[in-house]
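Since the structure of chain Z is provided, determine the placement of chain E on it from the hints.
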Amino acid sequence: MRELLFHIIAFKNLPLGVVGGAAIWIILLPLANFVLLGLGKKYLKNIARIFSTVLLFVATIIALNIAYHYFFIDGKVNGVYQTINVYQMHWLSFTETMHVEIGIQLDALSVMMLVVVTFISLMVHLFSLGYMKGEERYCNYFSYLGLFTFSMLGLVVATNLLQLYMCWELVGISSYLLIGFYFQKPSAVAAAKKAFIVTRFADLGLLIGILILSFNTNSFNFQTIIQTLTNTQSSSFISITASSFLGMSTLTWALVLIFIGGAGKSAMLPLHIWLPDAMEGPTPVSALIHAATMVVAGVFLVAKLFAVFAINVTALQLVAFVGIASALFAAIIACTQTDIKRVLAYSTMSQIGYMMFALGVSKYGGEEGLGYSAALFHLFTHAFFKSLLFLCAGAVIHLVHSNEMKDMGGLKKLMPITHIAFLIACLAIAGVPPFAGFFSKEEILSAAYQNNKTIYIIALITSAITAFYMFRLYFSIFWNKPHDSRLTAHHSEGTLTMKLPLIILMVCAATVGFIPFSEFLSSNNQPYHSAINIGFSILPVLLGLGGILLAGILYFKQNNKADKITNSFQVIYKAAYRKFYIDELYLFITKKIIFNCIGKPAAWFDRNIIDGCMNGIASVASFISTSIKNIQSGKVQHYTLYFFAGVAVLLMAVLYVWS
Amino acid sequence: MFLSSLVILPLLTVIAVLFCKELKQIRVVAFVGSVLQLFLVTYITMGFKIVSVFNFKNNGSIFLLEENYNWFPFLNIHYHVGIDGISMVMILLTSFIVAAGVLISWKIKELSKEFFILLLLLAASAYGFFISLDIFTMFFFLELAVIPKFLLIAIWGSGKKEYSAMKLALMLMAGSALIFVGIMGLYYSTHSFDLQIISQTIINPETQKIIFPFLFIGFGFFAALFPFHTWVPDGHSSAPTAASMFLAGISMKLGGYGCLKVATYLLPVAAQYYSPYIIALSAIAILYGAFATMMQTDLKYINAYSSVSHCGFVLLGIGMLTQTAITGAVIQMVSHGLMTALFFAAIGMLYERTHTRQVKELGGLLKAIPFISTIFIIAGLCSLGLPGLSGFVAEFTVFVGSWQRVETTYRIATVLSCASIVVTAVYILRAIASSVLGPLKNEHFFNLKDAAWNEKLAAVLLLAGIIIIGVMPYLLQNFITDSTVNIIHHLNGSK
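Protein chains in written order, with numbering that gives the first Met the number 0: chain Z, 0 to 658; chain E, 0 to 494.
Next up, chain Z with everything else stripped away, as it sits in the complex (with noise of 0.2 Å):
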């Protein structure tokens, strides 16, 4: 603790020097922030939205200065990515040779993340003081971001599984705070306690994976998991592929388990029931956790651990089939709703899919890995068009006070900046060159071309989908009917902290597929060079365009060819609309089955057989003292009757005994 301080303000012997030194800070001021709103709500009140907005623009800087010093001049050594381990805190310790030592540890893959979350974060922040002006609850508001940035921040940097475990959970905490941030609305209050037990559900498996890993690695640090169980020849390695259980090696369990935790926080296929729900909270919070950060924690997950995945083939598949699973189902439904939040809700899972089946698809090292960086280059790229999506649909939402497509629609002249920012956004969502989507995309569908057919083609079929249903989002708001005269048109897209992060991330959304992303982050952290292959991407692009013109034709005027088509497929439609009733099933089984025949009966059975029991001894004492309570009677001649009785008693014990 003490040596800790004395980095902190000393910056002294640490690798990357100074700037890596300052990486604690960008953990420890959102922490600062979230305490002090905490605890000092009533002095800080007026500052509060200043405060952690300066504070996040700082963590901000110095995150940026961290990524440029690493990718650009001192990360490097040998033409590969180092893994620099900044600070090291003792912890807890399990046994003598098991230690948990919390800390920071940067790699690309962090570095990157570390950018995004705070890049991300500080555009939030700045949006929301606009947006949530006037709320009664502001500082709670700002605080609770700063818990979120803490812990997402701390979740990217963890140094070992118990420390991301820990942030994982402090993450969902943060979501359900600020999913059920109106807490006098019964619908928030549900859906935060959906989101947080859907995802507790699946930490369970995350909890079990990380046993079983540490319990055979004997250690919680990624470096040294990873390098036990990629050495074939290492004891722990043979043993946890020897043993099985129900058919499946102990390792296959252990990352399965470890998917499905990820699965549960990325909002897979069948975990996902609780991100459209989560949409109750502020616009902003869904920019930033259900769309940017936390969400693709299953995806950063999956790659922090990915060399480890990539000797496992079962598991590695099971992530690319789940994926892609995803992918589709979440776009057929985005199709079909009419909350523009829902919509961009179903298309976040359904690019996180994109990301996850990339991941499946790929291999370890080299060009082999193209698959990697290209979830990965997707998940950066995804941040800034999805955020910037969630911000417009905040702005909208600001304006129109209603979540309803029917609400909308011609407000193109209201709000230009809104407009041509969600446009660029959808543009870069449908991968159309040169907007950022595009390049991501490319990459992985190129990498799913090359490993799997298959899952191209259908990935294929999701991307023409995906540029429909985004297109008729856009149409719908902006085109479509001639807007509602009552909103008027002064000040209609709030104050200039609202516009401003709309524009910075729209020219980011415009210019981030430029980025050689294979050339900062691999699978085997070598820098290796992508290209795009034209050809290849023809078809692609033409099928986005096509899916472009369809939502044109049916959403650009206001029309019933829409209507007339989802008549004619009347049963899909429905199945859609209605999410393919998963959620019904899963209140079945939560409601029917479990409450009504494992909880009831648990409650009944204690209370009435075991404490039944309980008092049952208690009566049979009771019985048994009223009972005898007759023999002291204190009448003489049944004392006397007693002694004969006895004597007799004990004279033919003695004569039986005798004979």
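Treat the hints as calculated values from the structure; they're not laboratory data. One thing to keep in mind: the hints can contain errors.
Stated by the list, open to error - Pairs of lysine to any residue residues, derived as SDA-like cross-links and limited to a Cα-Cα distance of at most 25 Å, are as follows:
{"id": "1", "chain 1": "E", "residue 1": "Lys366", "chain 2": "Z", "residue 2": "Gly133"}
{"id": "2", "chain 1": "E", "residue 1": "Lys359", "chain 2": "Z", "residue 2": "Phe604"}
{"id": "3", "chain 1": "Z", "residue 1": "Lys556", "chain 2": "Z", "residue 2": "Asp582"}
{"id": "4", "chain 1": "Z", "residue 1": "Lys599", "chain 2": "E", "residue 2": "Val414"}
{"id": "5", "chain 1": "E", "residue 1": "Lys359", "chain 2": "Z", "residue 2": "Gln183"}
For chain E alone, coordinates are given in the frame of chain Z:
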């Protein structure tokens, strides 16, 4: 005489309270007494810490501050006290809860003198229990604690208080009877009541197997061992707030401590023999308690049943017999003590104001009484094992320790216990959602007053403990490690 002052101080406070005339005086005297014992324990803690650093051992014994007086020479009974790391953290826990309990009962009006006297008597007996190194003395203090509990519930309780008080007293007495038989068994095999002497004597394994169930189940009655836990829901829910805090916070720990330091430590062969049964019962308690909690509608019942589930972790950790798991069990004892006391304090505060504990009748209190509601939420989050609060550290340590047992039955028990984290989340979030969140159910709630200074102080005291353990668990672990290593050596040495 230094360590004994832990017992003497509360007794002196009792005498001082006896001479008080006004309500105000009684409060102040009791409060000063509890603050003094908090300081005393803090002082001992500091000393203990420094002694550990210098690796100073009392005559090669792991116990510090030993005092040994001949009490009843004819039967070889001594008044023998001393502390090791585990008892150290337990007395630390006790001092926190006693201070918080006195603060929370500030407003008690009827028979307040008697109330504080009983509370302080409980404190004295709990301290006495934890510092005893002679099992007869230990038993003496254990028995001493039962009667004040009975009276506290029967006089100041709510609901069906006579029934609950009687049930609690009878069941705990039954446990004591079993413990007494076990102690007699130990005495006749070793001719001593002294923990250290017994631990150095080799007891015939067959004898151990006979004595062990008496001791373990006997203490199990106190620690809510399934199926002897049924006093917990009734007792906790009928008790006044401070007594609930004490019951769940300390009294249940007497059982866990006894199971570990008497039953398991003194009878290592039998502990290994019975280990599968213990973990089966504790795994059942953990999951079954959690499911039963899910169906409760009274806040106190919710916390009482969840105590059954959480105390299952203590017994699970002990039953696993690995160093990590036992460390986890001890951390869980401390953590659960603080957390459940905080939870009961919050529920008591809510009940005092709204006059209902039914989840359905509450709602939206965060708006009306933010401080109390926040405390309620934090206590709940600690209960569901949120990292950064003590519950997480304890549970995770127990899980890691349990996973070290590779046999299939142990693994199944571990996985089932892990599954409880989901069920816990369900019942805690349900309780939070319907009692403090949502729209304000009742117009009257708007006029409620938020926590007074004494309640705030009590809550902050407990909360500080929870957060310190959650953020810096190594502090707590430093105390415990030596003692758990000693227990494990003793267990393994007897194989």
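TODO: List, from low to high, the hint numbers that the structure doesn't satisfy.
DONE: 3
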